[in-house]
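Colleague: Residues per chain are reported as follows:
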Amino acid sequence: MAVIAEPVAKPVSRLNFLLDRRDVFEAILVAPAVIYVLLLVGLPLLLAIYYSLSAYTIYDPTWKFVGLSNFIDVVENPTFPQTLANTFIFTFGSQLLGLVIGKFGAFLLLRPFPGRKIVRALIVLPFVIPVALATIAWRWLFDSLYSVFNWTLIALHIMDRADVPNWLGTPWLAMLCVVIINAWRFFPFAIVIFLAGLTSVPQDVIDAATVDGAGFWRRNYQIILPMILPIVAIGLIFGIVFTFTDLSIVFLLTMGGPVNATSVLGFAGFQTGIISGDVSHGAAISLFMLPVLLVVVVFMLRFIRRREI
Amino acid sequence: MPRTLRKILGETSFFVGVAFFTILAAFPFYWMLITAFKQNSDLYNVTNNPFFFNEWPTLEHIKYLFRETLFARWLWNSLVIGVCVTAITIVTAVPAGYALARMKSKKGEALGIAVFLTYLVPPTLLFLPLSRIVAVLGLQNSMWSLVLVYPTFTIPFCAWLLMGFFKALPAEIEEAAIVDGCSLFGAFIKMAIPLSVPAILTVVIFTFTLTLQEFVYALTFVSSSDQKPITLGVTTDLVRGDVFFWGELMAGALIAAVPVAIAYNLFLDRFITGITGGAVKG
Chain S
374 MAVIAEPVAK PVSRLNFLLD RRDVFEAILV APAVIYVLLL VGLPLLLAIY
424 YSLSAYTIYD PTWKFVGLSN FIDVVENPTF PQTLANTFIF TFGSQLLGLV
474 IGKFGAFLLL RPFPGRKIVR ALIVLPFVIP VALATIAWRW LFDSLYSVFN
524 WTLIALHIMD RADVPNWLGT PWLAMLCVVI INAWRFFPFA IVIFLAGLTS
574 VPQDVIDAAT VDGAGFWRRN YQIILPMILP IVAIGLIFGI VFTFTDLSIV
624 FLLTMGGPVN ATSVLGFAGF QTGIISGDVS HGAAISLFML PVLLVVVVFM
674 LRFIRRREI
Chain V
1176 MPRTLRKILG ETSFFVGVAF FTILAAFPFY WMLITAFKQN SDLYNVTNNP
1226 FFFNEWPTLE HIKYLFRETL FARWLWNSLV IGVCVTAITI VTAVPAGYAL
1276 ARMKSKKGEA LGIAVFLTYL VPPTLLFLPL SRIVAVLGLQ NSMWSLVLVY
1326 PTFTIPFCAW LLMGFFKALP AEIEEAAIVD GCSLFGAFIK MAIPLSVPAI
1376 LTVVIFTFTL TLQEFVYALT FVSSSDQKPI TLGVTTDLVR GDVFFWGELM
1426 AGALIAAVPV AIAYNLFLDR FITGITGGAV KG
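As you go down the protein sequences, you meet chains S and V in turn. Numbering of the first sequence is given in our numbering, commencing with residue 374 and proceeding in unit increments. Numbering of the second sequence is given in our numbering, commencing with residue 1176 and proceeding in unit increments.
No lab work stands behind these hints: they were computed from the structure. All residues carry an ideal CB built from backbone N, CA and C; glycine is no exception. Careful, some of the hints might be misleading.
Stated by the list, open to error - With a straight-line cut-off of 20 Å between C-alpha atoms, the simulated EDC-like cross-links for lysine to aspartate or glutamate are:
#1 V/K1365 x V/E1350
#2 V/K1365 x V/D1355
#3 S/K476 x V/D1355
#4 V/K1238 x V/D1412
#5 V/K1279 x S/D396
#6 V/K1342 x V/D1412
#7 V/K1342 x S/D396
#8 V/K1279 x V/E1347
#9 V/K1238 x V/D1217
#10 V/K1238 x V/D1401
#11 V/K1279 x V/E1350
#12 S/K490 x V/D1444
#13 V/K1282 x S/D396
#14 S/K490 x V/E1186
#15 V/K1342 x V/D1444
#16 V/K1365 x V/E1347
#17 V/K1281 x S/D396
Claimed, not checked - Label pairs and their calculated CB-CB ranges:
#18 S/F438 x V/Q1315: 24 to 30 Å
#19 S/D585 x V/L1180: 41 to 47 Å
#20 V/P1232 x S/R489: 27 to 33 Å
#21 S/S517 x V/W1231: 39 to 45 Å
#22 V/T1222 x S/F672: 37 to 43 Å
#23 S/P575 x V/F1360: 38 to 44 Å
#24 V/K1365 x S/T435: 52 to 58 Å
#25 V/W1231 x S/I531: 27 to 33 Å
Make the full structure from the sequences, and use the hints.
Modeller: Shown next as structure tokens:
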């Protein structure tokens, strides 16, 4: 009898052994990527937090702990509220503008027409080329002397050469330019996101709604919009993260000027931490981005979880 | 009759709309193109109509780029950086994406999401500590610092993309190979990888374009002209003192932008699926 009982236990332990091995195998495959990311994203993130609490500069690399005094210095800096406000205007202004333009663009590109592929390739250009290079082109477009916009204004006799706008030299115009360039950069992304969402809505749902008497607006806002909301939200989250933390447009277009009018958090952190070498204050400025990023991450996780259900 | 009229009106406004969007998006590129080939005397004459060539086009600016500046060197640097970063990314992200896709536990899924979220950690938060790490490693002012740092965003993004791909690949294929006596590793190398060549190629193109697009880390870590990648070199080195040489600048930007624009355009749909992948399925 004991002889019969024995072979039953054996396959179980072998199966367990196999499962263990699969675990080990998967861990080994994941390890290089995880270690790389932990060492060069996780560790620096902790370092950034530590720098912001210390008196570290590149001239005096001390680890002395100074508590929250760096943050207090940053907040008390008279230009900081403007930098913070600029960051929000830059982010939400350009994303809103980009979304609105993108929605209309998607609406047009949804319909097949001859040459749609070429038109699409041209329309996505702002999103696909390196932002630094596009910004340089815009800087030329907004040049104080040779701006093509000013030339057109003069040629159409709307304005005189004496009073054409100095796009990047006037504080509010410079801010407007920065917002417009970023909206220009992101609207193709919004178009593509809207298109991806719209094509994922099954035609029979729309047909059913039409049969039930839903008109154009009702179909748009009560059927289609809720269905594409998750995908639009993810696109928007991306746009917000990459805009809120951006410095290249401001760096290449205005250098934060005129008189701090276009300075944003990323740029201010760069100015203080890298150019001036005041690492601890620079880190403190950069860390002001963290709360917004955390909110975004929470939203992201909610949307990812929703998919699993 | 009014019906045909209405249709014609509708069509016309539709194409006007399409034209408006195309011009809005592509005008700066037209501007790059026309500036890159204009003679200086044409460019800097405010009475000329700037929309067209008023004098004969010239290759002067492009010649200047290659003869008098480090433009060729920057192209080479970008190529070296791109190739190295792509190699590092493929070697780490392909196995990671595969393992994340095959992990059955909740832990595996959490790990996948965690890896993806690191893609959202911005360079402007990390550049200060990373610049210290780069300095400690003796890589400051060298393009090799970028080879070290760029995988921090290419690995998470590519691992996530590949995870989605491997999930769509039926596990039965590898299981059959294992039943036939293949080891787990053998099944991965001999079955999964050959079947995922298209996905890996996509990842190669992406990694390359992501490295070409990057600006913040390059600006932070590299200041010697001969170590700069193309995007940084064009945007920071072609300005002498306060004087902008727009012909050269636009020619350089154009040459650097065109390959990226073409590659990205071809793979844009995969990029969008990659970042929204989760949301469309539901």
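Colleague: So which of the earlier hints does this model not fit?
Modeller: Violated hints: 3, 6, 19, 21, 22; rest satisfied.
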